[in-house]
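Asks: Once you've looked at the hints, dock chain R against the given chain C.
2 protein chains.
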Amino acid sequence: MNKLLIVGTVAFDAIETPFGKTDKILGGAATYIGLSASNFNNVNSAIVSVVGDDFPQEYLDILSARNIDLTGLETVKGGKTFFWSGKYHNDMNSRDTLDTQLNVLENFNPVVPEAYKDADVVMLGNLHPLVQLGVLEQMTKKPKLVVLDTMNFWMDCALAELKQVITKVDVITINDEEARQLSGEYSLVKAARVIAAMGPKYVVIKKGEHGALLFHEDNAFFAPALPLEDVFDPTGAGDTFAGGFTGHIASTGNISFKNMKNAIIHGSNLASFCVEKFGTERMASLSKDEVSSRLKQFKELTQFDIEL
Amino acid sequence: MNKLLIVGTVAFDAIETPFGKTDKILGGAATYIGLSASNFNNVNSAIVSVVGDDFPQEYLDILSARNIDLTGLETVKGGKTFFWSGKYHNDMNSRDTLDTQLNVLENFNPVVPEAYKDADVVMLGNLHPLVQLGVLEQMTKKPKLVVLDTMNFWMDCALAELKQVITKVDVITINDEEARQLSGEYSLVKAARVIAAMGPKYVVIKKGEHGALLFHEDNAFFAPALPLEDVFDPTGAGDTFAGGFTGHIASTGNISFKNMKNAIIHGSNLASFCVEKFGTERMASLSKDEVSSRLKQFKELTQFDIEL
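Here the protein sequences line up with chains C and R, keeping their order.
The first sequence begins at -13 in the working numbering and counts up one residue at a time.
The second sequence begins at -13 in the working numbering and counts up one residue at a time.
In isolation and in its complexed conformation, chain C is listed as follows (with noise of 0.2 Å):
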């Protein structure tokens, strides 16, 4: 079995799409993340968060059933969880932030277990980077990829940690208008270069319902989202994309460029589960039988042949 060890938020949501509005529910990175690479066989998870004394064990018991590890999941007693709540426009493709309690996070000092710190893979969802940072120094073994996810925020607030911790990562996952903002380009192409030129081996760019490319040297890879009839709620998306991502990464312990092309489209796939239903409703209860039905759509979707 390999490791996959998963740093982020365990946090409250509360959504308003187009389709409808959600109450405070399960949400944060690393529940997307670890609940996304819980499709992976060979794999075992743990999350290292912090929640406050008010988080239901019913949400622990979401997390338990996929089998993720909860050691390094801190519960501040009488501290409040982290709370984040968003409107979503009517395309979908931009949101309004209503509400952000930092709550617990603002004094999180992540503790990675015993066990975790030779993890094979190491998924720094998106926190304050010396955070990030912190976990990094826990490891006792140099992990065969250390993936990272940021956003626009820390590059307004934080950009010199956020620069340090980019040195020490193998692959970067950002949105098209962060990755402009990160490196000063607009050409998605050149974004990617200055982005590397900065540590990362590997650049990932997502694009929401335009799908992700993966750059790495002078190579490509695209993966479209997959056309869905309704997207109900984005929220996770990401993150799900990052959990099937690292998931297949540490299910096949192999991390060559081809096998990263892979990943992406696991990735992809499993995001299109996550926004069919709000919050983690879809991914909480998904069978290895669904995700590769879809695996077979998206083969179907982008597969040709064309003889050169």
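Some hints here could point you the wrong way.
[Claimed, not checked] Listed next, the in silico SDA-like pairs over lysine to any residue satisfying Cα-Cα at most 20 Å (straight line): (1) C:Lys285 with R:Lys244; (2) R:Lys193 with C:Leu214; (3) R:Lys176 with C:His196; (4) R:Lys274 with C:Glu293; (5) R:Lys10 with R:Lys263; (6) R:Lys10 with R:Phe264; (7) C:Lys149 with C:Leu116; (8) C:Lys263 with C:Lys274; (9) C:Lys263 with R:Lys176; (10) C:Lys10 with C:Thr61; (11) C:Lys130 with C:Glu100; (12) R:Lys274 with C:Asp291; (13) R:Lys130 with R:Ala182; (14) R:Lys193 with C:Glu215; (15) C:Lys285 with R:Glu286; (16) R:Lys73 with R:Phe139; (17) C:Lys193 with R:Asp216; (18) R:Lys128 with R:Thr238; (19) C:Lys193 with R:Asp162; (20) C:Lys73 with C:Asn138; (21) R:Lys130 with R:Ile152; (22) C:Lys285 with R:Asp204; (23) R:Lys282 with C:Phe290; (24) C:Lys187 with C:Glu171; (25) R:Lys193 with C:Tyr172; (26) C:Lys193 with R:Leu214; (27) R:Lys103 with R:Lys127; (28) R:Lys282 with C:Leu294; (29) R:Lys63 with R:Asn89; (30) C:Lys285 with R:His196.
[Said to hold, decoys possible] Pairwise CB distance ranges, derived in the manner of DEER restraints: (31) C:Lys154 with R:Gly6: 35 to 43 Å; (32) C:Asp40 with R:Lys187: 49 to 57 Å; (33) R:Lys187 with C:Phe243: 36 to 44 Å; (34) C:Thr153 with R:Ala183: 53 to 61 Å; (35) C:Phe243 with R:Glu276: 20 to 28 Å; (36) R:Glu215 with C:Lys130: 27 to 35 Å; (37) C:Glu215 with R:Glu123: 32 to 40 Å; (38) R:Gly6 with C:Asp9: 48 to 56 Å; (39) R:Lys282 with C:Pro4: 36 to 44 Å; (40) R:Lys187 with C:Lys285: 18 to 26 Å.
If you're looking for bench data, these hints aren't it; they were derived computationally from the structure.
Positions of the beta carbon are idealized from the N, C-alpha and C atoms, including for glycine.
Replies: Okay, now just chain R, sitting in the frame of chain C:
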């Protein structure tokens, strides 16, 4: 040899993009379609269109040099050629039309050359739906495939006529916004289903830099746009795509869904050249080696190897 009949504008364009500005240069839907289709073996192409006698011989020579039959290109004595002028915004995804002078297009009565009344493939480039209908009525043999391109302008001004021609075609190519306008559906999956019910068995939705989708019954196929360092001028990319699509179908004489996937890839491949320089410059001098080498890039960009 199979025959491809192309109907559309042959025009003067004046273009402004963030990279520069042109005076009146060679443009028009039929021009781009014809240049693009000229990259395929085993196909003879002819353009049905109209110009004024202000249209320079050197532009006609560009088309003739690529073996495009101009018997059906009428020159109106004392008439002025159709002129379009546009300015692209910084993101290149949207543009403002600065000027449109219909000129000889206003009274255009298309005449299909005798030798092309039995064409295998008919590409109806963007024009008034009644002109497109007029061409179909002149065919003496049912073509293997009729492909229609159109735009929002005709949905606003000539919807009834447009719907009439839509009932008579096998494939429609429109962009995402137009698909939404024509169908009244935001989801492209639903939009394609509504449009297919109007007549065309195949619906191609062009998303510019975000690629193109082909829908047929419950099947979908997607081709990305090749990620480029810079897009200098998107003018003609959609027509170049259509020329590659119909050129490949005419060349192979095969209208299976599997071969249409390949046609979509050929169209996307050729469109990736079109945008690299202003106007028709890149397309007019494209070599077979360049085309097949970039097709290889397309395979690397999209093909993966997941066993199911």
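Asks: Each of the hints needs a verdict: does it hold here or not?
Replies: Results of checking the hints against the structure:
1. C:Lys285 with R:Lys244: 13 Å, holds
2. R:Lys193 with C:Leu214: Distance ~16 Å between Lys193 of chain R and Leu214 of chain C Cα, so the pair holds.
3. R:Lys176 with C:His196: 17 Å, holds
4. R:Lys274 with C:Glu293: 15 Å, holds
5. R:Lys10 with R:Lys263: OK: Lys10 of chain R and Lys263 of chain R at ~15 Å, within 20 Å.
6. R:Lys10 with R:Phe264: Measuring from Cα to Cα gives roughly 11 Å; hence the hint holds.
7. C:Lys149 with C:Leu116: 11 Å, holds
8. C:Lys263 with C:Lys274: Measuring from Cα to Cα gives roughly 18 Å; hence the hint holds.
9. C:Lys263 with R:Lys176: Answer holds: Lys263 of chain C to Lys176 of chain R is near 18 Å, not above 20 Å.
10. C:Lys10 with C:Thr61: Roughly 18 Å between the alpha carbons, so the hint for Lys10 of chain C and Thr61 of chain C holds.
11. C:Lys130 with C:Glu100: 18 Å, holds
12. R:Lys274 with C:Asp291: With a Cα-Cα distance of about 19 Å, the restraint between Lys274 of chain R and Asp291 of chain C holds, given a limit of 20 Å.
13. R:Lys130 with R:Ala182: The given pair, whose Cα atoms are some 18 Å apart, holds under the 20 Å limit.
14. R:Lys193 with C:Glu215: 17 Å, holds
15. C:Lys285 with R:Glu286: OK: Lys285 of chain C and Glu286 of chain R at ~15 Å, within 20 Å.
16. R:Lys73 with R:Phe139: 18 Å, holds
17. C:Lys193 with R:Asp216: Distance ~18 Å between Lys193 of chain C and Asp216 of chain R Cα, so the pair holds.
18. R:Lys128 with R:Thr238: 17 Å, holds
19. C:Lys193 with R:Asp162: Since the Cα atoms of Lys193 of chain C and Asp162 of chain R sit roughly 16 Å apart, the hinted pair holds (cutoff 20 Å).
20. C:Lys73 with C:Asn138: 18 Å, holds
21. R:Lys130 with R:Ile152: 16 Å, holds
22. C:Lys285 with R:Asp204: Measuring from Cα to Cα gives roughly 15 Å; hence the hint holds.
23. R:Lys282 with C:Phe290: 12 Å, holds
24. C:Lys187 with C:Glu171: Answer holds: Lys187 of chain C to Glu171 of chain C is near 18 Å, not above 20 Å.
25. R:Lys193 with C:Tyr172: Distance of about 19 Å is within 20 Å: holds.
26. C:Lys193 with R:Leu214: Answer holds: Lys193 of chain C to Leu214 of chain R is near 16 Å, not above 20 Å.
27. R:Lys103 with R:Lys127: Measuring from Cα to Cα gives roughly 7 Å; hence the hint holds.
28. R:Lys282 with C:Leu294: 7 Å, holds
29. R:Lys63 with R:Asn89: 12 Å, holds
30. C:Lys285 with R:His196: Roughly 19 Å between the alpha carbons, so the hint for Lys285 of chain C and His196 of chain R holds.
31. C:Lys154 with R:Gly6: 35 to 43 Å: 42 Å, holds
32. C:Asp40 with R:Lys187: 49 to 57 Å: Cβ of Asp40 of chain C to Cβ of Lys187 of chain R: about 56 Å, so the range 49 to 57 Å holds.
33. R:Lys187 with C:Phe243: 36 to 44 Å: 38 Å, holds
34. C:Thr153 with R:Ala183: 53 to 61 Å: With Cβ atoms ~55 Å apart, the hint holds.
35. C:Phe243 with R:Glu276: 20 to 28 Å: Cβ of Phe243 of chain C to Cβ of Glu276 of chain R: about 25 Å, so the range 20 to 28 Å holds.
36. R:Glu215 with C:Lys130: 27 to 35 Å: Between Glu215 of chain R and Lys130 of chain C, where Cβ atoms are some 32 Å apart, the hint holds.
37. C:Glu215 with R:Glu123: 32 to 40 Å: 37 Å, holds
38. R:Gly6 with C:Asp9: 48 to 56 Å: 54 Å, holds
39. R:Lys282 with C:Pro4: 36 to 44 Å: 42 Å, holds
40. R:Lys187 with C:Lys285: 18 to 26 Å: 23 Å, holds
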